[in-house]
Structures are given as C-alpha cells and as structure tokens.
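Trainee: Work the whole structure out from these sequences, hints included.
Residue numbers (the working numbering), protein chains in the order written: chain X, 154 to 444; chain G, 69 to 408; chain C, 16 to 561.
Calculated from the structure, these hints are not laboratory results.
No false leads were mixed into what you were given.
Pulled from the structure, derived: some chain G residues nowhere near chain X, Cβ distances all over 12 Å:
no. : residue
1   : Y110
2   : F159
3   : A223
4   : A268
5   : R276
6   : A379
7   : R384
Straight line, CA to CA, 30 Å or less: simulated DSS-like cross-link-like pairs of lysine-lysine:
no. : chain 1 : residue 1 : chain 2 : residue 2
8   : X       : K246      : G       : K190
9   : C       : K141      : C       : K153
10  : C       : K56       : C       : K184
11  : X       : K246      : C       : K369
From the three backbone atoms N, C-alpha and C, an ideal C-beta is built for every residue, glycine too.
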Amino acid sequence: MENVDIVINSLVSGVLLGGVLALAALGLSIVLGVMGLVNLAHGELLIAGGYLMVFVMQPLGLSSLLALPLVAVLMAALAWPLQRYMLQPLADKPPESAMMTTFGLSIVLQNVYIMLFHADTRSIQFGNGVSSIQIGPVGFGRIYLIGFVLSIVVILAVHFLISRTAFGRDLRASASDPVAAAVNGVDVRRVHGWTFALGAACAGVGGVLIGSIFAFTPISGATYLLNAFAIVVLGGLGNIFGTLVGGLLLGVLQSLGGLMLGDGYRDLVGLVLLLLMLALRPQGLLGRKGG
Amino acid sequence: MQTQIKPAAHADAAACRTIAYSVVLLAVVGFPIVVPGALSSYGFEVGFRLLLLMTLAEAWNLLAGYGGLVSLGTASFFGAGGYMLMGLMNFAGLPVLPALLASAVAGAALAALVSPAVFRLKGLYFTVGTLALAEAIRLFMINTSYFGGATGWFAVVDPPSVQVLYLWAWVLFVFATIVLSLYVSSRLSIALKAVRDDEAAADQVGVRVFRVKLLAFMTASALMAMAGGLQAVKLGAIEPYGMFGISWSVDVLSVVIIGGIGLRAGPLVGTVFIVALSEWLADYPDVHLAITGLILIVVIRCAPQGLTGLAISLWRRRNGRRTQTGRADAAGAQSALERG
Amino acid sequence: MTVDSSFKAMDGQAPLLQVAGLTKRYGGVVAVNDLGFSLGKGQILGVIGPNGAGKSTLISMLGGALQPTEGNIFFNGRNITATSAASRARLGIGRTYQIPRPFLDMTVEENLLVPLYARSPFANRKIVRLECRALLEKTNLVDVADWRARDLPLLRRKRLEVARALALKPQLLMLDEVGGGLVDREIDELIELVRQVAPETDGIIIIEHVLRVVRECCSTTMVMNFGEKFAYGPTEDVLASDDVAAIYLGSAHKKQGRAEGANAAAQAGAEPVPDAALSQASHGLDSIVAPPRTPSGEAAPELLRLEDVCAGYGQARVLHGLSFGVKAGQAVAILGCNGAGKSTLSQVIAGTIKPTSGSLRFDGADITSMAPHRIADLGIAQCLEGRRIFPTLSVEENLLLAARRVAPKEQKERLDAVYRLFPILAERRGQAGTSMSGGQQQMLAIGRALMSRPRLVVFDEISLGLAPVIVDRLYTALDVLRKAGLTILLVEQDVERSLDLVDTAHIVSHGNIVLSGSAVEVRNHPGLKDLYVGAGHEEPRESVCV
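Mentor: Here it is, written out as structure tokens:
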C-alpha cells in the first residue's frame, strides 16, 4: 500500500507542477503559433520574471498576489521594444535570422544576469510559510497548489483573450494568413508586437511560479526552454488547451520518471519526449498537420 | 543562409586567393611549432584553443553554411568523440592517433544514427531538435554510472606537453581545412547547395537529398568528434558538463555567424576575432559573452555575411567593382519584393 | 459535349504516358476528376483550360509532387503512381515550374550541373562539363553561364528552367506555362526552343495559356474544365471549336446551368433564391453599403484612379503603364485572359504589391505606397482571389474581423444585413470558416468585404472554380449591391456575366489595356472572341492572348 501512496503522491504533484509548466510554455506557444518565431530566449524571459520578483517586487514589500500582474505588465513593457527594434526589422529575412537573434539575446541576458545578480541560486518566497498540505495519503507543498491554481487562471484568461476578443480575432487571423488579414484591415506588425509582449508577460509570471517551486540560477533558462518546447510540440503550436494538456502530461511523466529512475532523470524525460514527438508527430497530439 | 558573393566568373581568381591565404595561414599558425621558444606556454594554450575552435567552426560551417542545417548540437559530437577517445585510451590502452580516428568514427556513427529522425525536422525544428539532442545526451551521461556519471573519467596516461598538443591541434586543423577544401570543390557541394537553396526543386531534379545531407552531417560530426577527442587528451579528465556543455554549441555558432557563414574564410576570421576578444576580456568572462551575444545580434541585422562579407564588399568597392555589387544589391532588393 | 477524335496508340508499343481515372480531392473540393488520356512516343500534347481547371494539379501529379487521391499513372508501361518525384526524375520525367524556381544563389552553370551530376554521380568531371556546355548552347544561355540565377531576366530564367529539365535527358518533358509574361518576340524564341528540343525527348506535354505556343508546337490538344477532360483532339479542331471558346468566355453556363439546375444546386449547397427573398435583402443594405455622396454615374467624380501603373514580381514585369478610373457608384469590369495581369492589378490596388512606377489615388488620397491595412481603413474592401477565408475563425468571426472600430450595435446591424443577403451564412455562423463549400466560402468572402461598409469593393475572380448555378447566385447578389449604390470593380475571367453586370469594361492583355468601352460596346466588339481564343491563322496584332 505504501508504494501506491508514493505513486499517487507523485501523480498529484506531477499534475500540479504540470499546470505551472504549461503556463511557462504558453508564451513560447503563442509566439511560435502566431509569428512563427522560435524564441530561444524564452527561458531567459522566464528567469527575468523571477529576478523581477526578487529584486523589484519583494523589496517594495508588495504582496505576492499583487506583484504578479505587475511582473506581467513590466515584462510586456520590456519585451515590446525588443520585438519592435530587434525582431521586426528582420521581417524580410529568412526565419533563421530571427531565431539566431533570439539566441544572441539569450546569451546577452544570461550574462547580464550573472553580472547584475551573480551566479547565486535564488528562490522566491511566495506567500506566507512553506507549509504542506495533506489530503488523505497525498501530501505536497502548498506552493504547488497555489502555483497550479494561478497558472490555470492565467491560462484561462489568455484563452479568453484569444478566443473571445477582437484582438484575439486579429491574432488568429494574422497567424493563419497575414496577407489576407492585412487586406482586411489588421495591422499585422502591431499584432506581432502585442503578441510578443503577451508571450513575455506569460513567461514572466510562469517564471515567478517556477522560481517559487524550484530554485533558479542565471543559466537555468536552457532547461526550461527545452521543457517548454516539449510541451508546445506535445500540444500543438498555438493551441492553448493543447499547451495545458501537454504541460500536465509532462509534469506527470517527469514525476513518474523521477520516481522510477531517479531524480536526475526528470529533465531527461522531457527531452526524450520532445525528441520522440519531433520525430514522430511534430504536429502534436492535438494539433493539425502543417504547423 | 547565403553563400559566396563573388560571381563565378572570377572563380579561378578566387580559388587562387583561397589557396594563397590558406598557405599563409597554415604557415603562420604552424611556425610556433617549428621555431621553439617563439611562444610562451600560455601562448600555446591559447593557440590550442584557437585551432580547436577553428576546426569546430569549419565543421559547423560545412553543416550550417553550405548545407543550411543550422545545428545547436555540436556538443553531442564533441563529447562523443571525447568519451570515445578517453574510453579507448583508458580501457584499451590505445595510443592517441588510433583513438582519435576511432572518435571520428564515433562522431560519424552518432550522426548516422540520429539522422533519420533529425532530418525529418524541417527548418527551425531541426535546430531545436539538435539542441534537445545535445542536452539529452548530457543529462544521460550525468546519470549513467557506466560513463562515470557526473564525475566522469580520469585519463590513465598523463597528457603530453602543451607544445605537443598544439602540434596535434595544428595537424587536425590542417586536416579539417583539406577536407573542407576538397569538399567545396567537389560535385557534392553543388548538390548540397541545391538542397539548401530549394529542397523540393532539388528533389525534383533527381538529387538524392537524404544521402547528400547525411554525408555532410557525418563529415562534420567526425571532425567535431576528433576535436572533442583532442580536448579530452589535453584535459586529462572529462565529465559531462565540460564535454557536452552547451557552451561548445554556442561558441561555434557565434564564431561562424560573426565571421561569415557560408564563406570559406568565415570560420577562421570569426575564431580569431572571438578568441582575441576573449583574451582581451579574460578577467571578465560574463562581459565577454554578453558582448559576443550583442555582436551576434548586430551582425545578423546589419552584416549577414559577417566580418568576412564586410571585408569583401569593402575590398570590392575600393577596386571599383561597383557594377557587380550593384547587381547583387539590386537582385537582393528585388528578391525581397518577390513575396507571392 | 466534347470534341473528340479517337487517339490510336502507336502499334504494339506501350504509350509513353498513360493516365487512367486520375482524381485529386482536397476535402470537399475536387481539383481533378477522373481524368484519362495517353501520350504516344513522339507526340507533343497541349493542355489548356481556364484558370482553376486543374492543369497545375495535373502536372504536379504527373511530376510526383502531389499524390493523386485515385487513379493510376503509367510511364512506359510501368505504374509510377506511388513513385517519388526524385525517382521519377531519374526515370526520365522532367518538368519546369510555372514560376521559374532556379537555385537562385547558384550560377547558371551550377544550376545545370546539379541534375547532370544527379543523373551520373560518378561520371568524369570533364565529360559532365562538356555536356553542360552543350546544353547551354542549345538553350542559348552560354553568355550568362556564370551569372547567378537570381540576376537573370525572365526569359533567360525560363530557358534555364527548360535546360535544367533537359539535363536529366528526360523521355517525357512537361512544360508548365513557360509562355506566361513574355512578349511576342520572346514567345517566338520560346517556340523555336521547343521545336529544337523536341527531337531529344520522346514526348512533351505543354500546359499553356498562351495559345500561340500550343497552336504552333502541339499536334494534339486537351482542354480541361472543372478538373475534367472537356475536349481532346487535333489542335486546330480544338481551338476552332465554339464550345471551347465558350468555356473561356463563360457562356457555357447558359446551356449547362439551366439544365442541371436543382441537382447541382443541392450538391453545392446553395439554395436557388426566389426573387422575393432577395428583394427583402435589398432593404436595409445601408449598414453595409455606403451610398455615394455626390451624384453617381457619369457625372460623378472618380473614386479610384490609376495612372500609368507598372508593377511586377522580381524579374517579371507584368503591368506596363495601366491607366483607368472608377467613378463613384459605377460598376467596372477588368477582363482578360490569364497571364494578362489581372491578379497583379488586384494586388496593387490592395497594397500587397507596390507598383514600380505610376500612381494610385483613392478619393484624392495617394495610396500608391500605403500599407494594405491603411488602404482598407480608407474604404476599399477586397474580395480576394481564392477567397482567403481564415480557417481558425468561425464564419461570424470572419465577418466581425472586417468591421473594425465600430460600435457593437452597428456591428450587429451590419451582420444582420449580410445574413439577409446570404442566409446560409447565418445558418453556419458558428462553424469554421473553411468548413463550407466553395460557393458558400465565396459568399462569406463577399460578406466579409461588405462588413467594413466600404466605398469601393474589388471582387477578384469570384467565379473561379465554382459551378454555374452558384455563380448565378453570387452575381444576383452583386446586382442587388450595385443597385443599392455600391461602387464595384470586378476582376473577372467570365466575360459574359461581367458584361451583364457592369457599366464599363476594360480588357487587359500583356499588362496593357487593349480595349475599353461600355458593356454594350465591348460585348459587340467583333474582336472579342479573338481576344480570348484566337480565330484562324491571321492574328491581328492587337489581339491579346495569342
């Protein structure tokens, strides 16, 4: 019976963690789906959220819940000029150029973090106390639940934004046929700017939550980037619910992998999954072909 | 990614130039070996690094510049070569040269193994896939005690002196240069260029696309693996972070793009520049890397042909070849208009 | 209704190419339907037909780029239906692309070396280079041998296309619309090239719009329409046939449409609309049709004015100084066969292609270099060629997208007006935009254009690929809109229907306007049929597609 308990614990924390992972991947998914941009600096954007929280929000004494939307807004504000002045001018070049530029950005950001914040490991204190919750045989840190709930809220909010608002219509139209969208009055360049900002905002918030659950360093971004990629490929690009499902799945698989093979294998699980998906079914479990 | 600017009418002149520069380069780089005491021990260290990076850059340029296969997985083959060499030297007692050749085989074999999966990935997915591969291998090695886990392996034999290592690095670099030169003037390079330019059209005219890509991939991977092997010899102790670390993939990519991707001299120019920069900023490694990233961004935007490309167009302009540049520019501008 | 003359296979030998039951379906759309024909050794076959007839789909299936949904292809008696494109190339099937696709960053010589080496990977380098030289001489490209393909002008690019296909020593050579975009002199050269090349191959298929090429090179011609084989026989007979002329001019529908009537309508999902419903729709159109401010018709000011507009893609110059105007409240048609420049013109007006010279003015404002979304804001709406419905948006969302910066109440009013005009859209409002049939998507495209309450709407080839009954329905709606005062610019292939609707028409050929006048004048012009199909052996120099 004890083994079953451990497995159930593992599953539950996997699901909860998966929600947070899904949020962390959301920004990447949207940007890739709408702009066709592989943002290799996505991991660094996640970490940026973490640093914003530690060095800006907490010193200001803001409560964690209030700080989150502020982090989102700040990330959007910082990301918008990046897209406008660094990526937009590359619109006429082949897509590798934009991707390599984000790669350059990730190198710059990583090292700027090291210069400003040093290579120390940091973590975020979210809310009061790190108490655990115990429901029957299942126990997990309270932060897992908070993280999960907040992630779901944000994911649903973004889904609402994309599927019910005028901006969301513009975004979806730009993603499937930018020329036809422009002819129908959509300012596609502006949509791209906002999309990138939205992606960065989601990444920032996701980063805060991840930073509350795990510690992070200036170079943690790469691992999270690949995890996010695995989720995006699992769920199909630009597909919000797909990203959620992908995240939950990855969370569970990571948990089980860690349980069965050892903790060091958690990240490996994600990578192997990514490679398998890319090779066998790049459109994702839920996606359509031609992504 | 673009290729040589020079029109082929001047192909012969270009070939001569390349040969001349190569000879000069090899001489300059080789002379410290011949003239003992010309460089301090530290100089040889830097030289070793320079030559190793040049070898890697040439290999990466073959893949990404000539083949259009932008890979972030250099570390996979580098590390594979290193471990293969160390393993053979430690457990089979092989001397360096056969072990080095074996590591080349290891690199090529790994490339062949992953190619069916990795070549299915088109465009940007290929890049992400290679990145994932490198990371996956690294994590795997950390967790597998058979390969020494996170601690890795220690060489049974002491590493040779830095002068000897420099010599070997020089030999490897010469070998890589020869391979690249042979390749660039062969019929394979024409097929690969066609695949890079327009895979569907190449397919339609009968090119065996998979084989062409595979050959380039295996060649590049073998060279990368040999570089990894040499690094292993030098270090005397290898572990996953150092051998499969992403920094190898990052450095190589930066070097080639800044130097000039797809150009024969690109990797050389880029390596010299980056190594010089890192020596100058040796006390501030983060600043050095941050600046490298910035230069990368700027180069992609303003000088897509890298430093070499800039040099070529400056030289052309000075020699009054305005018409050639003009036509190339016009065509480039027009192709930007060619949007459906 | 086919002009048929039976084709006898060369005695005993398997034909070079045999196609049976070839069909290609994309979801609900049938691009090619049950096509069958043979090509014997030594034969040059022409394939013609209006835009959307399935010609390009056919050649893609023959070349291996597309897999047929049904049917078989036999090459020298061997079934190659499942063979890959590269293998077919090595077997001896060569093709050119409609828009030349040379390897842009390689020289002309290198472009030819690719297939030469692909065919004989281990041949001696000197021998291959000699072959290359011979090929360059044959296709008259020696003087540009070391130019980059990117720098070649259009005719040279087409020659390079042919040369590259020839490098594989193909038994079957397929030329896909090589004549497009060329002037007369260049077409002479092209025809000469085809004649020279013919003895090197065992058979040629020429897909063309430029009928002169077909007339002078092909012994047999096949006409395709709606993805089917419409006619097949000796070239002269086929081109002289009235039925064939009719499918280009669009009057075929008059005989077909009424007879098939309800059956086709039920299949296509468009309900035949009794006049009562439409007259109901014509009320309350103010929300989507902005009535012209000043007097309309002859006395009205020009809403849209093009002056000396030249435009093209890359090396191809398509429009050569086009000038015309559209007055407020008018309906104007731009007609012309394919390759004439109609779609380039629409794209220039929409702002997706910038003219290289000349100017466009809309209501006084200079829109020559304006971005497409700003042109849309000014009040020009586009009903794009190919419809371009957004698949990830529902029908209603597709419509709402176009009603920008408008209060929700007014959005609803506009939606209602569109739904009254096309009730089927209301029924399907929540469904994905592309889940409907072609005709319904076209209605959606028209409705979407109207949602911005435009002052001018450009309708680009709305009849393309649709059954006559559906097109009837669409044009009835257009008539209602016209009567309500909408300014219309109609870019069309279907001459008959357009002339029924509009006040003025311009015929475009080779990027110039060659005929202008009122609908009546143009319809009764003696050269009209010549303009499309060409009659007899004397082609008047002003005539167009030939």
